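Trainee: Below are the chains, spelled out letter by letter.
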Amino acid sequence: NAGVTQTPKFQVLKTGQSMTLQCAQDMNHNSMYWYRQDPGMGLRLIYYSASEGTTDKGEVPNGYNVSRLNKREFSLRLESAAPSQTSVYFCASRKGPGQGDNSPLHFGNGTRLTVT
Amino acid sequence: AQTVTQSQPEMSVQEAETVTLSCTYDTSESNYYLFWYKQPPSRQMILVIRQEAYKQQNATENRFSVNFQKAAKSFSLKISDSQLGDTAMYFCAFLEPNAGGTSYGKLTFGQGTILTVHP
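Chains A and B, in that order, give the protein sequences. Under this note's numbering, the final residue of the first sequence carries the number 116; numbering is consecutive throughout. Under this note's numbering, the final residue of the second sequence carries the number 119; numbering is consecutive throughout.
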C-alpha cells in the first residue's frame, strides 16, 4: 500500500546548489505530476508526464527539469536553487490515457524545501 | 492565465450548518473533468468529489454535492451538516484534454479556500 512515495521529506539548500526530488508510484499509473504549494497560490503545476516517454510544461516550469525515468519514477531537478523555490513540493500520479480519463490524482506526502 | 479561480480565500461555518465553496474555470473545451480536493492540516490531499463535464447530473458523495453549471463554467461545492473534521483547505481542480482531444493530462488547481468549522 505504498502508493506515491516522495523523497526526501525535508531539505535545506543554499542558493546555487542543485538537488533532485525523487518520486515513485507502485499503482501502474500512466500519468505523473509535480506541483508546488505556496501560501495564497494554491497548487501550481510545474511539469507533468501524461504517459511514459512524454513530459510537458505546466504553469511554472522555469528553474526546473524533469525526467520520467520509467513508468514508476518521475524526478524533479533544481539545477541552481533560488530562494523563490522555497516551497512544498508534491508529486502525484493518476491512471491517465488508456486507463481511465476521470481517474483522480493520488498524492505523495510532500517535500518541504527551503532555499537560503 | 489562471484556468481555475477560487474567489473565497477563507470561509467559516457553524457545525451542522451548510456552506458552499465557489469555483470557476476557463476553457473552450466541451469535454473535461472537475474535482474537489481537501487538504487537512496533515497536508495530505484527499479526493472529495469528481464531475464529468458530459454529465448533466450533479455529483454527490454523502454530505458533499456539487452545483455544476457548464455554461457559466462554475463548479461549486456544497457541504451539508458541516462537521469539525471538515476543517481544511479545499481545492478545485480542472483536468483538460491534451492537444487533439484524444486523452487527458494537464490538471490544474485553484488557489484554495480555507474552511473553518466552528463548534
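Everything labelled a hint here was simulated from the structure, so no lab data went into it. All of these numbers come straight from a predicted model, not from anything done at the bench. Think of the CB as a built atom: it goes at the ideal place given N, C-alpha and C, for glycine as much as any other residue. There could be a bad hint or two in this list.
To be verified - Here are the simulated DSS-like pairs of lysine-lysine, each with C-alpha atoms no more than 30 Å apart in a straight line: (1) B/Lys106 - B/Lys73; (2) A/Lys95 - B/Lys78; (3) A/Lys57 - A/Lys95; (4) B/Lys106 - B/Lys55; (5) B/Lys70 - A/Lys14; (6) B/Lys73 - A/Lys71; (7) A/Lys57 - A/Lys9; (8) A/Lys71 - B/Lys78; (9) A/Lys71 - A/Lys95; (10) B/Lys70 - B/Lys55; (11) A/Lys14 - A/Lys95; (12) B/Lys106 - B/Lys70; (13) B/Lys106 - A/Lys57; (14) A/Lys57 - A/Lys71; (15) B/Lys70 - A/Lys71; (16) B/Lys73 - A/Lys95; (17) A/Lys14 - A/Lys57; (18) B/Lys78 - B/Lys106; (19) B/Lys55 - A/Lys14; (20) A/Lys95 - B/Lys70; (21) A/Lys9 - B/Lys78; (22) B/Lys78 - B/Lys55; (23) B/Lys73 - B/Lys55.
What the hints assert, rightly or not - Reference listing, derived: stretches of chain A covered by chain B, where coverage requires no fewer than 3 residues with Cβ under 8 Å from a Cβ of chain B: (24) 65-75; (25) 82-96.
Trainee: Now look at each hint and say whether the structure bears it out.
Mentor: Status of the hints after comparison with the structure:
1. B/Lys106 - B/Lys73: The given pair, whose Cα atoms are some 18 Å apart, holds under the 30 Å limit.
2. A/Lys95 - B/Lys78: holds, 27 Å
3. A/Lys57 - A/Lys95: Roughly 19 Å separates the two Cα atoms, so the pair holds.
4. B/Lys106 - B/Lys55: holds, 20 Å
5. B/Lys70 - A/Lys14: violated, 47 Å
6. B/Lys73 - A/Lys71: violated, 34 Å
7. A/Lys57 - A/Lys9: This hinted pair holds, its Cα atoms lying about 24 Å apart.
8. A/Lys71 - B/Lys78: Violated, because 37 Å separates the two Cα atoms, which is more than 30 Å.
9. A/Lys71 - A/Lys95: Measuring from Cα to Cα gives roughly 11 Å; hence the hint holds.
10. B/Lys70 - B/Lys55: Between B/Lys70 and B/Lys55 the Cα gap is close to 10 Å, so the pair holds against 30 Å.
11. A/Lys14 - A/Lys95: Violated, at about 36 Å.
12. B/Lys106 - B/Lys70: holds, 19 Å
13. B/Lys106 - A/Lys57: holds, 9 Å
14. A/Lys57 - A/Lys71: The given pair, whose Cα atoms are some 18 Å apart, holds under the 30 Å limit.
15. B/Lys70 - A/Lys71: violated, 35 Å
16. B/Lys73 - A/Lys95: holds, 25 Å
17. A/Lys14 - A/Lys57: holds, 26 Å
18. B/Lys78 - B/Lys106: Holds, at about 25 Å.
19. B/Lys55 - A/Lys14: Between B/Lys55 and A/Lys14 the Cα gap is close to 50 Å, so the pair fails against 30 Å, i.e. violated.
20. A/Lys95 - B/Lys70: Roughly 25 Å between the alpha carbons, so the hint for A/Lys95 and B/Lys70 holds.
21. A/Lys9 - B/Lys78: violated, 34 Å
22. B/Lys78 - B/Lys55: holds, 18 Å
23. B/Lys73 - B/Lys55: holds, 14 Å
24. 65-75: violated (count 0)
25. 82-96: holds (count 5)
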